[in-house]
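**Q** Build the full structure now, drawing on both the sequences and the hints.
Mapping the sequence shown onto this note's numbering, position 81 (from 1) lands on 92, and the numbers just tick up by one.
Incorrect hints may appear among the rest.
What the hints assert, rightly or not - With a cut-off of at most 30 Å between alpha-carbon atoms, the simulated DSS-like pairs for lysine-lysine come out as follows:
#: 1; residue 1: K36; residue 2: K86
#: 2; residue 1: K52; residue 2: K86
#: 3; residue 1: K40; residue 2: K51
#: 4; residue 1: K120; residue 2: K64
#: 5; residue 1: K64; residue 2: K51
#: 6; residue 1: K36; residue 2: K120
Said to hold, decoys possible - Here are the computed distance ranges between Cβ atoms for each label pair:
#: 7; residue 1: D32; residue 2: S56; range: 26 to 32 Å
#: 8; residue 1: K83; residue 2: R33; range: 32 to 38 Å
#: 9; residue 1: D92; residue 2: A39; range: 19 to 25 Å
#: 10; residue 1: S56; residue 2: N106; range: 29 to 35 Å
#: 11; residue 1: G109; residue 2: D29; range: 33 to 39 Å
I should point out that these hints are in silico values taken from the structure, not numbers from a laboratory.
In this text, a Cβ means the ideal position worked out from N, Cα and C, and glycines have one as well.
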Amino acid sequence: MKQEIGNPQFTSIYDYDDRIDRTYKIIAKELSLENAELIKKYDRSMMTESLAKATRHKHLQVILNLTRFLGKDWKEAKRDDIDNVTVRVVQEYCNDSGQETNTSYDHKKILPRRIESIDPQMSESIPISMNYFKDN
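**A** Put into C-alpha cells, the structure is as follows:
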C-alpha cells in the first residue's frame, strides 16, 4: 500500500466555512449592498488579526443582528441610532432583572469594534461602560 505524502484533508465537525458562507448569503439577501460590503471589510480585518473561524462566524452573526436592530446603513448611523441599538440589545437579551447575559455581553462587546471599523471618531464617543468591552 502506498502512503500519500502531503496535507491530509481536514474536516471539521462544525464546518465553519459553510456556516460563514450561509451567513454571507443571509447578509446579501437581507441587507443593503453598502452594509454587505462593510461587513465583508470587517471580516477581512478579522482574518488579518488571525481570528478563528468560529470567532469570525460569531461576529458575523452578531453584526447581522445589530444591523437588523439598526434598520439602516451603518454609514448613515448617528450617535442616537447607536444608543437605540444598545437599548434594544438590553431589552432583547438581558434577563428580566436587567442583568447582563452572555448574549447581551457579546453584542455590546462587538458593537464598538464594528463602529470603530466604520467611524473611529464615533467609537471614541461611546460611553466608558461600553469602551470597556472594546479591548476585551
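**Q** For each hint, tell me whether it holds in the structure or not.
**A** Against the structure, the hints come out as follows:
1. Of the supplied pair hints, the one linking K36 and K86 holds, its CA atoms being roughly 21 Å apart against a limit of 30 Å.
2. A threshold of 30 Å between alpha carbons decides the hint, and for K52 with K86 the separation of about 13 Å falls inside it, so the pair holds.
3. For the suggested pair K40 and K51, the alpha carbons sit about 14 Å apart, so the restraint of at most 30 Å is met.
4. Note on K120 and K64: the hinted pairing holds, with a Cα-Cα distance of about 18 Å set against a maximum of 30 Å.
5. With a CA separation close to 14 Å, the supplied pair K64 and K51 stays within the 30 Å bound.
6. For the given pair, K36 sits about 24 Å from K120 by alpha-carbon distance, which is consistent with the 30 Å threshold.
7. Taking 26 to 32 Å as the suggested C-beta distance range, the pair D32 and S56 does not conform, at roughly 19 Å.
8. With their beta carbons about 24 Å apart, K83 and R33 fall outside the hinted range of 32 to 38 Å.
9. Evaluation of the 19 to 25 Å hint for D92 and A39 yields a pass: the beta carbon distance comes to about 23 Å.
10. Between S56 and N106 the Cβ separation comes to about 32 Å, which falls inside the hinted range of 29 to 35 Å.
11. Roughly 37 Å separates the CB atoms of G109 and D29, a value that falls within the hinted 33 to 39 Å.
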